[in-house]
Structure formats: C-alpha cells, structure tokens
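Trainee: In case you want the letters, here they are:
Number of protein chains: 2
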Amino acid sequence: MTTNKQWQLAARPEGRLTDDDFTWTEETLPELQAGQLRLRNVYISMDPANRAWTNSADTYLPAVQIGDVMRATTIGIVEESKNERFKVGDALLGMGGWQEYLITDGRGFQKVPSLAGLPLTAHFGLLGHIGMTAYFGLLDIGAPKEGETLVVSAAAGAVGSIVGQIGKIKGCHVVGIAGTDEKCAWLTDELGFDAAINYKTENVYKALKKHCPNGIDIYFENVGGAMLDMVLAQVNDFARIPVCGMISQYNVKEPYGVKALPVIISRRVKMQGFIVLDYFSRVQEAYAELIPWALSGQLQYRVHVEEGLERAPEVLNMLFDGGNQGKLILKVGDE
Amino acid sequence: MTTNKQWQLAARPEGRLTDDDFTWTEETLPELQAGQLRLRNVYISMDPANRAWTNSADTYLPAVQIGDVMRATTIGIVEESKNERFKVGDALLGMGGWQEYLITDGRGFQKVPSLAGLPLTAHFGLLGHIGMTAYFGLLDIGAPKEGETLVVSAAAGAVGSIVGQIGKIKGCHVVGIAGTDEKCAWLTDELGFDAAINYKTENVYKALKKHCPNGIDIYFENVGGAMLDMVLAQVNDFARIPVCGMISQYNVKEPYGVKALPVIISRRVKMQGFIVLDYFSRVQEAYAELIPWALSGQLQYRVHVEEGLERAPEVLNMLFDGGNQGKLILKVGDE
Numbered sequence: 005m006t007t008n009k010q011w012q013l014a015a016r017p018e019g020r021l022t023d024d025d026f027t028w029t030e031e032t033l034p035e036l037q038a039g040q041l042r043l044r045n046v047y048i049s050m051d052p053a054n055r056a057w058t059n060s061a062d063t064y065l066p067a068v069q070i071g072d073v074m075r076a077t078t079i080g081i082v083e084e085s086k087n088e089r090f091k092v093g094d095a096l097l098g099m100g101g102w103q104e105y106l107i108t109d110g111r112g113f114q115k116v117p118s119l120a121g122l123p124l125t126a127h128f129g130l131l132g133h134i135g136m137t138a139y140f141g142l143l144d145i146g147a148p149k150e151g152e153t154l155v156v157s158a159a160a161g162a163v164g165s166i167v168g169q170i171g172k173i174k175g176c177h178v179v180g181i182a183g184t185d186e187k188c189a190w191l192t193d194e195l196g197f198d199a200a201i202n203y204k205t206e207n208v209y210k211a212l213k214k215h216c217p218n219g220i221d222i223y224f225e226n227v228g229g230a231m232l233d234m235v236l237a238q239v240n241d242f243a244r245i246p247v248c249g250m251i252s253q254y255n256v257k258e259p260y261g262v263k264a265l266p267v268i269i270s271r272r273v274k275m276q277g278f279i280v281l282d283y284f285s286r287v288q289e290a291y292a293e294l295i296p297w298a299l300s301g302q303l304q305y306r307v308h309v310e311e312g313l314e315r316a317p318e319v320l321n322m323l324f325d326g327g328n329q330g331k332l333i334l335k336v337g338d339e
Numbered sequence: 005m006t007t008n009k010q011w012q013l014a015a016r017p018e019g020r021l022t023d024d025d026f027t028w029t030e031e032t033l034p035e036l037q038a039g040q041l042r043l044r045n046v047y048i049s050m051d052p053a054n055r056a057w058t059n060s061a062d063t064y065l066p067a068v069q070i071g072d073v074m075r076a077t078t079i080g081i082v083e084e085s086k087n088e089r090f091k092v093g094d095a096l097l098g099m100g101g102w103q104e105y106l107i108t109d110g111r112g113f114q115k116v117p118s119l120a121g122l123p124l125t126a127h128f129g130l131l132g133h134i135g136m137t138a139y140f141g142l143l144d145i146g147a148p149k150e151g152e153t154l155v156v157s158a159a160a161g162a163v164g165s166i167v168g169q170i171g172k173i174k175g176c177h178v179v180g181i182a183g184t185d186e187k188c189a190w191l192t193d194e195l196g197f198d199a200a201i202n203y204k205t206e207n208v209y210k211a212l213k214k215h216c217p218n219g220i221d222i223y224f225e226n227v228g229g230a231m232l233d234m235v236l237a238q239v240n241d242f243a244r245i246p247v248c249g250m251i252s253q254y255n256v257k258e259p260y261g262v263k264a265l266p267v268i269i270s271r272r273v274k275m276q277g278f279i280v281l282d283y284f285s286r287v288q289e290a291y292a293e294l295i296p297w298a299l300s301g302q303l304q305y306r307v308h309v310e311e312g313l314e315r316a317p318e319v320l321n322m323l324f325d326g327g328n329q330g331k332l333i334l335k336v337g338d339e
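These protein sequence lines map, in sequence, to chains A and B.
Numbering follows my numbering, with no gaps: position 295 of the first sequence is 299.
Numbering follows my numbering, with no gaps: position 241 of the second sequence is 245.
To be clear, the hints were calculated from the coordinates, so they are not data collected in a lab.
Please note that the accuracy of each hint is not assured.
Since copy identity is lost for identical chains, a pair holds within one copy or between any two.
[As the list claims (entries may be wrong)] EDC-like mimics (lysine to aspartate or glutamate), calculated; alpha carbons at most 20 Å apart, straight line: (1) Lys172 <-> Glu84; (2) Lys214 <-> Glu339; (3) Lys174 <-> Glu293; (4) Lys274 <-> Glu289; (5) Lys335 <-> Glu30; (6) Lys187 <-> Glu31; (7) Lys210 <-> Glu30; (8) Lys172 <-> Glu31; (9) Lys86 <-> Asp144; (10) Lys263 <-> Asp198; (11) Lys187 <-> Asp144; (12) Lys274 <-> Asp62; (13) Lys204 <-> Glu35; (14) Lys187 <-> Asp94; (15) Lys274 <-> Asp144; (16) Lys9 <-> Asp241; (17) Lys263 <-> Asp233; (18) Lys9 <-> Glu194; (19) Lys115 <-> Glu84; (20) Lys263 <-> Asp282; (21) Lys174 <-> Asp144; (22) Lys274 <-> Asp241; (23) Lys204 <-> Asp94; (24) Lys335 <-> Glu18.
For clarity, every value in this text was computed on a predicted model and none was experimentally measured.
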C-alpha cells in the first residue's frame, strides 16, 4: 500500500499564495486496474500560469476547482504499470500536479528520453516549451544569418537567454536588454552576449545606437511598448521581428501606442507573432540541434531547484517576488 | 530635321503647380550618333512623385534641376535607331520626360511588348508598378486561400482596386474600405467586391464586424493609424497583413499610436512591409497571371487619359485636386 501526499486547492487566493489557500492531505492509493500505472513525481515545474489556474476564471485551461489537487507540470518515474505504453522506470512528463504519486491511464503523458549528460529537468526548459520557443521563434521567424545584429529584450529571462546564445552560435552580433547590472553581467560574461543594456539605468535608444553600429537585423520581442518604437527607429532593410511577448503591455490600464510602424514599409520589416504550441510537431528538428549544443556546453541553461513538496505554495510565490534565478523547479523525490 | 517641344523646370513650385514654374521651349534635334535612337513620346505617366521631384530636396531620385526637362515616366515609339538593342517601331518605357521627342543611348529604357487586346497604357498600371504592387503584396505576403476573408483599405485606389479583384479571383470574401459612396458602389457593382465600407460615414469597426462574420484573414494595409487598430481587433489566427502604405500617417504632426499590437502574438499574425522594387526580378511571374486576367475581363483597371503636352502642369495638379478617376495619363501623340 502506497501513501500519497498532495496539496488540494482550498480557496481562491488573493494576491500572494498562502498555505491556507491549500489543504495538505494524505491518502492511501488503491490497487492499479488494467491500463493504469503509478507515477512517482520527482520534479514539479513552477510556472507563472499556475497562479492563474487558481483563480475562478478559466484560462487556456479550465480553472482548478476547489478540492482538486493543484495542477502542475511534472516529471515522474513509473513505479508500477498495467499500461501497455509505459513500463516501470520510464520517465513521464505531464500534468502530474502537486503530489507525490498519481494513478493514471497515461493519457496526456509523454515519455521523455534520458539523455546522458543532461539532467531530466532539461525537459522543463531547454528541451521543453522554453527551448522550443527560443529555437523556433529565432530560427523560423528571425532567420538569422552570420554577421547580422540580433537584439533580444527580456534577455536574461528563460527564453531570452537561450535566444541570445543561439544567436551567437549562428554567428550574430548579439545585444541583450535586461533590468539589472547583475543580469547584464551574466549575459556578457557567462553567456557570451556581445553587449547588454540595463534599461533601468541607460538610455536604451542611445545604447542601441552604440552597440548596434550596423543597425538591427533581428529583434526578438518579449517586451513591446516604447522598446519596440526605439528598435523600429534603428532597424535595417528586411529586418525580422519575431514577437514572443509584449510583457510591458499586459497589466497596464492605458496601452502604449506604437508610433514608428510606417518604417516597416520603407525598411520591408517582417513582424510576426507566434505561440510555441504551433511548433510542437517539429520538436525533433529542435532536439537535433539543442541537445548537441547543450551537451557541448555551447548552450547554458539556468535552473533554480528548491526541495520539498510541503513548500510548494511558498516556492511558487518566488516567481512573483523575483526570488528565483533561472527556471524554477521543485524537487519532490529522487530520480 | 525634327523639332522637339518640352517643358523645362523654371522655378521651385510652391503648393499647386502653375505654368510659370516651367518654361515651354522648342529645339531642333541633332542627327543621331552611333548607338543613339530617337524616341517619340506617346504617353506620359502623371504620378504624385513628380511633384516631389520639383522640390529642391532629393527624394529616392535626385531633385530635377532648374533648366532641366521635367522628369516623368513615358512610353514612346522608336522613330529612328542607330542602337543595336532597339529598332524602329519598338515601344519603350523609361524616364522620357515632359517632351515630344528625345535622343538617348537607350540606357534605362526597356522594350514593352505589344499585347493584343491590351492598351500600351497598361504598362503604366496593371502591368507596371501598380499591378506588381497589388500582385506580389497580396499573393506573396497575403497568401490568400479560397474562402478566406480579405479586407482592403484605400480599396478604390489604383493598387487597392486590383488587390480586391485578385482576391475575388482567388476565391476570397472581399471587403473594401473607401471614402465616398460612389467609390463604394464602384467596388461592389463593377469590380465584384462582396461589400464596401464608407469610412467617412460608417463606423468602420462595426461595419467590419457585419461584413466579416468569419473574422479577417488578410488585411491589405494602405492606410495605417486607427484603421489598423480596428482591424487587429478582428483578425483570425494566422492572419497576414501585407503593409503597402500607411497614408494616414504621412502628413500628421502627431503620429497615431497603434495599441492593439499584442494581439499579433495570441493570433500569430504576420505583418510585413514591402516595396515593389524588390519584386521586379519576378515580373514575369506576375505577367503570366495578370495578362490573361486582364484579357478575359476578370481584372478591370481604370485609366484617366488627358491629352496635350502643353497641358502637363495643369494635368499633374489633378492628382492633388482629386480630379482624376483612375491612373492619370497624359497622351501627347499617336501610338
């Protein structure tokens, strides 16, 4: 008999999460039925979307209901299986939730390969939706060519930091924009960016002029608003702008009006929004490059691992307090 | 001996052109030297850019100098030739200027084919840069598919009217936006648009909602500003926006700030500016479709022909007074 511990949603949180918003419960798991398997969670991905799922309004997924186990993406190991698709020892990625164990028929779960030299947690980031976002946004829409200038906003973020490194691998002059001197130093000193601009202390327009003496060929857009106007004023002919996010505009009452758009005609600029889900059918294409880059150390990816299922609510809060440095992961068991 | 009449620029015009801004001169043409040919102009294309060329500031071409013959695109017939590339009777398109004749070594001129059933003037429009702009902007960037909804702004303009008709040929539901009821009636009654919106008398946002019940898949952008915001609010997933012009923004002191850009992420919109010059190497591709469409009557193109070289300054003014209905052409001789 296996005992399972889990966090169930107890109330609709307001602002920061507290332990009172969840109920810590223990239950004895039943025997497996035909087609089922028992998964032991090892890693729980802590994502900003998790917080949105606790609200009463549905997002791109239905809201988590009061009394349900808190939803989260997890990686777990199959401990027992009466399911034909998965066998004992397989590592599975799926919506395993904030709990130690779960019994499932395996629908919605996928087996993740164990890659010598790469931690399982890479599947939450570099080989997960973050790596895919960076890879396809930059290569499919940005189409970088050797010697071109790439500017990345939110460059120290999970996606931005990978975008810039791929840009360097592809031979670009890479300039990142971030919000602290420490982040800027990380970009240039550890990730190999050619330059980094602290948008909180520098005049971004002038700094771009200085660090992009040949103009801007690709702008990987995570921020939007005034930053976009400053970049558009300096783009080269046939510039590409993959639009991954416009985070400056999500929580403002009065949206910023972008004024420099006519330049996209004279400069023949392509500006294109994308969502990583649209590229999931091409995931093997990305693996074929991302895995060797990661194994060779050309591509660095920062994870921030906390431990202990019982700390889940407080750990999720770190995302909103700026307490994490890299992709936030909660470890709840041994691999 | 051939006598040539021409208009030379006499002064930098202010506002509307007057005959005093030009000097009417007659000269006797010299004998041809080896490599030269004598061209007799038949049609002069009257374009908004002509007016800009009379100013002292250079544009994408150098300013016309005082004392020079006024520059303009023309179609002429070779009357005598000591040039290997061109023979007597050839129709040539090039910068022939506001004059009856010119002697040239042929550089910068191209032979235009005489197409049974199509007037020579088609080379100024449908088969010239206007037709190419509509063709490549819509097909190369807009990539229309049967059953999709296409919205065209400045739809009664030279480019817009062709865009909408090609959209119909490609099986789209086509909605045009124009500035008078008469233009709207022309779009729906004569050109086969499914609907037309008078932006001066209708609420464009609501009218688009009504006439685009399945949302907007392609927006051929000629206008920019608030119109773009209204369209972005109604685009479908994977919409394409070929950006040909943003004429609402060219003469304003305070540019309009476009606020709806974040939607290009969630809707995965592609917005791409272009200039027809970039497509000139692919002109045969366009001819292969445009010529049969024009010959079969599927594609209508309106020209407005005035006559008489001596009227050139007053005829050019028509462009700015709104006096022309269709591409403005000055006929100065017989074909």
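Trainee: If a hint holds in the structure, say so; if it doesn't, say that too.
Mentor: Do the hints match the structure? See the list:
1. Lys172 <-> Glu84: Neither, since 44 Å and 60 Å both go past 20 Å.
2. Lys214 <-> Glu339: neither (48 Å within a copy, 57 Å between copies)
3. Lys174 <-> Glu293: So Lys174 and Glu293 pass the 20 Å test inside one copy only (11 Å; across, 39 Å).
4. Lys274 <-> Glu289: neither (23 Å within a copy, 23 Å between copies)
5. Lys335 <-> Glu30: within (19 Å within a copy, 91 Å between copies)
6. Lys187 <-> Glu31: neither (44 Å within a copy, 73 Å between copies)
7. Lys210 <-> Glu30: Close neither inside one copy (58 Å) nor across copies (55 Å); limit 20 Å.
8. Lys172 <-> Glu31: Neither: 50 Å inside a chain and 64 Å across chains, both beyond 20 Å.
9. Lys86 <-> Asp144: Cα proximity of Lys86 and Asp144: none, with 41 Å in one copy and 53 Å across.
10. Lys263 <-> Asp198: neither (29 Å within a copy, 32 Å between copies)
11. Lys187 <-> Asp144: neither (27 Å within a copy, 41 Å between copies)
12. Lys274 <-> Asp62: Close neither inside one copy (33 Å) nor across copies (28 Å); limit 20 Å.
13. Lys204 <-> Glu35: neither (57 Å within a copy, 71 Å between copies)
14. Lys187 <-> Asp94: neither (37 Å within a copy, 67 Å between copies)
15. Lys274 <-> Asp144: For Lys274 and Asp144, both the intra-copy (12 Å) and inter-copy (13 Å) Cα distances are at most 20 Å.
16. Lys9 <-> Asp241: neither (58 Å within a copy, 42 Å between copies)
17. Lys263 <-> Asp233: both (7 Å within a copy, 12 Å between copies)
18. Lys9 <-> Glu194: Neither way: Lys9 and Glu194 sit 40 Å apart in one copy and 72 Å across, limit 20 Å.
19. Lys115 <-> Glu84: This pair counts as within: shortest intra-copy Cα distance 15 Å, inter-copy 79 Å.
20. Lys263 <-> Asp282: neither (30 Å within a copy, 25 Å between copies)
21. Lys174 <-> Asp144: So Lys174 and Asp144 pass the 20 Å test inside one copy only (13 Å; across, 27 Å).
22. Lys274 <-> Asp241: both (10 Å within a copy, 17 Å between copies)
23. Lys204 <-> Asp94: neither (46 Å within a copy, 65 Å between copies)
24. Lys335 <-> Glu18: neither (26 Å within a copy, 75 Å between copies)
When the structure is compared with the earlier hints, violations turn up for hints 1, 2, 4, 6, 7, 8, 9, 10, 11, 12, 13, 14, 16, 18, 20, 23, 24 and for no others.
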